[in-house]
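*Asks:* Build the full structure now, drawing on both the sequences and the hints.
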Amino acid sequence: MLQVQNIEKYYGSKNNVTKALDRVSFDVEAGEFLAIMGASGSGKTTLLNCISTIDTISAGKILLNGVSVADLSEHELAKFRRERLGFVFQDFNLLDTLTIEENIGLALSLNHQDPGTVQNQVREVAGRLGITDILTKFPYQVSGGQKQRAACARAMVAGQSLLLADEPTGALDSKASKNLLEIMTAMNRDMGATILMVTHDAYSASYAKRVLFLKDGRVFNELLRGERGRPVFYHEILDVLAALGGDVSDVI
Amino acid sequence: MCWQRWGVMSVTLSKLSLRNAKRQAQDYLVYFVTVVMAAALLYSFNALTFSQEINTLAQSMEMLPAMVAMATVVVVCVFGWLVAYATKFMLLRRGRELGTYLLIGLENRQVARLFFLENLAVGGCALALGTVLGGLLYQAFRALTLALFKQPYRFSFGFSLPALGLTAVCFGLIYLFALGRSRKYIRKAKIHHLIYFDRLNEGVVIQTRKKRRWIFGASILLGVVGTGLLMVRDLAIATAGAGCLILFLFGFFLSFASGVPAFFDKRPARKYRGVTLLVFRTLTAKLATMGVLMATISMIFTATILSEGSGLVFQGLFEGRAAENACFDLYLGVGDGRDPTVYTDYIEENIPVERSLEYQVYLSGGHTVRDYIESQTVYYYFNFVQEPVLRWSDYAALRSIAGYRAVELPEGQYLFHCMTYLEDALKSYDRPLTFGDITLQPGGVYTEHLSQSGGTVNGRGYILVVPDEAVEGLEVHHWAYVAKTAQPVTRAQFYDLWDINERTSSGIASNAITTRANEEAEVATQTALCVFPLFYLALSLTMTAATILTIQQLSESERYKRQFSLLQKLGMNRREMAKALRTQFAIYYALPAVPPVLIGAPFILHLASLPEPGVMVGMSSPLSIVTISLGIFFLIYAIYILLAYTSLKRNVLPQ
Ligand SMILES: Nc1ncnc2c1ncn2[C@@H]1O[C@H](COP(=O)(O)OP(=O)(O)O)[C@@H](O)[C@H]1O
Ligand SMILES: [Mg+2]
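Protein chains in written order, with this note's numbering: chain B, 1142 to 1393; chain V, 2 to 656.
These are computed hints drawn from the structure, not numbers from a lab. One should not assume that every hint holds.
As the list claims (entries may be wrong) - Here chain V is said to cover these stretches of chain B; the calculated rule only asks that three of the stretch's residues, wherever they fall, bring their Cβ under 8 angstroms from a Cβ of chain V:
{"hint": "1", "segment": "1221 to 1231"}
{"hint": "2", "segment": "1235 to 1246"}
{"hint": "3", "segment": "1257 to 1269"}
As the list claims (entries may be wrong) - A few chain V residues that face chain B, going by a derived Cβ cut-off under 8 angstroms, partial list only:
{"hint": "4", "residue": "Pro269"}
{"hint": "5", "residue": "Ala270"}
{"hint": "6", "residue": "Arg271"}
{"hint": "7", "residue": "Tyr273"}
{"hint": "8", "residue": "Arg274"}
{"hint": "9", "residue": "Leu278"}
{"hint": "10", "residue": "Arg282"}
{"hint": "11", "residue": "Thr283"}
{"hint": "12", "residue": "Ala286"}
{"hint": "13", "residue": "Gln564"}
{"hint": "14", "residue": "Leu567"}
{"hint": "15", "residue": "Lys570"}
{"hint": "16", "residue": "Leu571"}
{"hint": "17", "residue": "Gly572"}
{"hint": "18", "residue": "Met573"}
{"hint": "19", "residue": "Asn574"}
Unchecked claim - DSS-like cross-link-like pairs, simulated, lysine-lysine; straight-line CA separation at most 30 angstroms:
{"hint": "20", "chain 1": "B", "residue 1": "Lys1356", "chain 2": "B", "residue 2": "Lys1155"}
{"hint": "21", "chain 1": "V", "residue 1": "Lys287", "chain 2": "V", "residue 2": "Lys212"}
{"hint": "22", "chain 1": "B", "residue 1": "Lys1160", "chain 2": "V", "residue 2": "Lys562"}
{"hint": "23", "chain 1": "V", "residue 1": "Lys562", "chain 2": "B", "residue 2": "Lys1155"}
The C-beta atom is built at its ideal place from N, Cα and C for all residues, glycine as well.
*Replies:* Right under this line is the structure:
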């Protein structure tokens, strides 16, 4: 459903150029759970921003369901984002003046859904993600894990086809991380959500079905989980990281 | 040693705080502009009070300094409040920065000093800039006043030392009060409190639904009752009305913010329509902590509109009353059959006259017209026991002296000359009048100003004009004299005439001496006396309140920016974002202005309709006074709203 072809991204002015992405290519199939791993500064956020059309690429092509996002107008891009994409960020990104329910409902009202059905839809998704009892609370009244689950709910409530997550567990403790990753797995498995998650954390990556390794803006390796158990996959990821010569301590 | 360390630190610190100040400058630019304007206003009005030129324009202009001084006291308090509020506000917003200074080992005392000096510098700049601006503003006031008194204006820029001194003192008071308070706050502040202040989430005003509804309902009722009581012509009752209105504003704004979420919670379908959700949540988050402030601002706006309206009503009243008497360069009315030659001798000797007329006002012997008028209008108060009458040839001469067009008196008819408020009643009067053996038919109504408001003038509101032969045998009511003079009658001449009057007659009240020059000076004086101080107040109040509203709004720009950048990621259109921002803005600024308009408009309408009819006309008609007062208020307000909106839109909406 998503094809990334040879994309490049440069930052900065003429005489001081940072190459954040260097000929990156990969595909994401519908129903996949893909993790992109890399150390801090390897270009993960940049990649995600390019895919989510928040940022523009310097070269290459991004096709979503066969449509090149570069050809879309500002107006169409906005429409594209609110209908097709769901976001979960490291720093939660819920509006602090809205209740959890309203934060989730926002995705629907931005899509101009019938206002009368919004509440019910929100409650249904919240029920599946186990956050029904915090719906009337404000973000500052709930825990980080609950906020991330609310963000997940917002990312799928309007029927978005692709969930983009940028270090979703970055600000969570291990228990909350585990909980969130399990929920994302369930979303992928039971609700058919396509998930693209970037992370620097091997443990988080081990929940995915496939892992791409990014270093200095380039894809270095790919690892498929297949039928292996998650702990096994986790160790394989660590092995790849070691083989990559990356600073393992930095990655873990 | 200690000093040295402090010296080094203060250098780095002042660099730091300068950088911080720069970053926040955008948010507080509006505040700075207002403080500059405050200095400008203070200086220009102080200069007005110290100006010999202005204060000797007319005798009662001597009262101007006292009136302006009273206004200045209020203005200093209002600006003092503004500066104290804004300083505290900035202090809390910068808590993290100031707290960090404490964290790295500075003492509270030093941080307080840093903050104090920083603000003092800003205040000093504002004072300097404001004084220069005030010098120009003073020239504008001077030109306006001189034009009012029909005196020539020549531009001469200069500073008045006493005015400068007084302005500096006022400013000193304003700043010392504000800074003293924040200094005390910093000296006692705990690091934790400073650093975490901006993290504190707005507390939701917890109120049970029943209580909130009760307060809301009661406050609306108080508002209506209070507005009604304000119009009763009794000081005690009007004061009670003002009390009701204050309660209304506080009740309304305290219950409103918490009532809105409850309203939408029960109507989820409405909440999720369009941009409603964003707008109402942004607003209620802001208003939840601003109830008291909003009520105060609303109160200030009410006071502003009321003072603008009353200023215009008083001005219109004087102008309207004077216009009636300002139609002749010189008018004398001598009653009780006294000898008028003492006056005419003086005039002959001292006042160059181009044209004059001596004539008599007669009494008709009946009062059927007066009875008719009294049956038609509720306003008429009579001075004449019988109908006052003018001879046609005198009337024609009067019109000519006053510069009005010539009119005809057809054979066998009589005319009415009246003030505008009696026009309709007299036009409908269709009965013939009989004088001796002459019977006359109604022949028309004229309404130019003709000195018709009093006892020894050309009638009370109206006079009959009849053919010369018809007045034969009629009783004379008083002797009168009008003149068109070569130059305006001077103040000295006018006082001489009154002196003669005082010396020669016991019943001063029964005689009338008016001059166009004096009436005009009187109007100019009254205009200066009520319009200047009241508008000085109104301007200061509006600016202060609008600034506080704007500071509150702009200080949220970081939050709005985060919000809109997230919304952009979520796929919201720029157009929709602009709409949400606009709607939020419109409601935010409309809220504190709506109650004042609802209270002010009926009150001013009422006040303007109190004077006798015929006075509040044209630009001074009740409706135009309401329009002008609201217009001026909204003009100033709109400037602030526009400033805030453009600045916010540029800063918070993604490109
Ligand atoms: N707006 C920007 N301007 C200039 N350089 C940037 C910008 N954003 C990211 N970079 C650079 O691009 C590289 C990749 O950054 P990023 O995608 O944020 O990495 P990651 O998310 O993997 O930590 C880094 O070297 C970073 O310094
Ligand atoms: Mg990143």
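*Asks:* Could you check if Met573 (chain V) really has its C-beta closer than 8 angstroms to a C-beta on chain B?
*Replies:* With Cβ-Cβ at 5 angstroms, under 8 angstroms, it holds.
*Asks:* Take a quick look at whether Lys1356 (chain B) and Lys1155 (chain B) sit within 30 angstroms of each other, Cα to Cα.
*Replies:* 23 angstroms, holds
*Asks:* Taking the closest Cβ pair, is Gln564 (chain V) under 8 angstroms from chain B?
*Replies:* 6 angstroms, holds
*Asks:* Tell me if the straight-line CA distance from Lys1160 (chain B) to Lys562 (chain V) falls inside 30 angstroms.
*Replies:* Given that 30 angstroms is the threshold and the Cα spacing comes to 28 angstroms, the pair holds.
*Asks:* Going by Cβ atoms only, is Arg274 (chain V) closer than 8 angstroms to chain B?
*Replies:* Holds, about 4 angstroms.
*Asks:* Next item in the hint list is Asn574 (chain V). Is there a CB on chain B closer than 8 angstroms to its CB?
*Replies:* Hint on Asn574 (chain V): holds, closest Cβ of chain B at ~5 angstroms, below 8 angstroms.
*Asks:* Quick one, is the Ala286 (chain V) hint okay against chain B at 8 angstroms, beta carbons?
*Replies:* Where the cut-off is 8 angstroms and the nearest Cβ of chain B is about 4 angstroms from Ala286 (chain V), the hint holds.
*Asks:* Report holds or violated for the interface hint on Tyr273 (chain V), using the least CB-CB distance to chain B and a cut-off of 8 angstroms.
*Replies:* 4 angstroms, holds
*Asks:* Checking hints one by one. Is Arg282 (chain V) an interface residue toward chain B, by the C-beta closer than 8 angstroms rule?
*Replies:* Constraint on Arg282 (chain V) satisfied, holds at 4 angstroms.
*Asks:* Count the residues of the segment 1221 to 1231 of chain B with a beta-carbon closer than 8 angstroms to any beta-carbon of chain V: does the count reach three?
*Replies:* Three-residue rule met by the segment 1221 to 1231 of chain B, so holds; n is 6.
*Asks:* Do at least three Cβ atoms from the segment 1257 to 1269 of chain B come closer than 8 angstroms to Cβ atoms of chain V?
*Replies:* Coverage by chain V holds for the segment 1257 to 1269 of chain B (3 residues, Cβ < 8 angstroms).
*Asks:* Would you check whether Ala270 (chain V) satisfies its interface hint, that is, whether its CB is within less than 8 angstroms of any CB in chain B?
*Replies:* 4 angstroms, holds
Taken one by one, the earlier hints all hold for this structure without exception.
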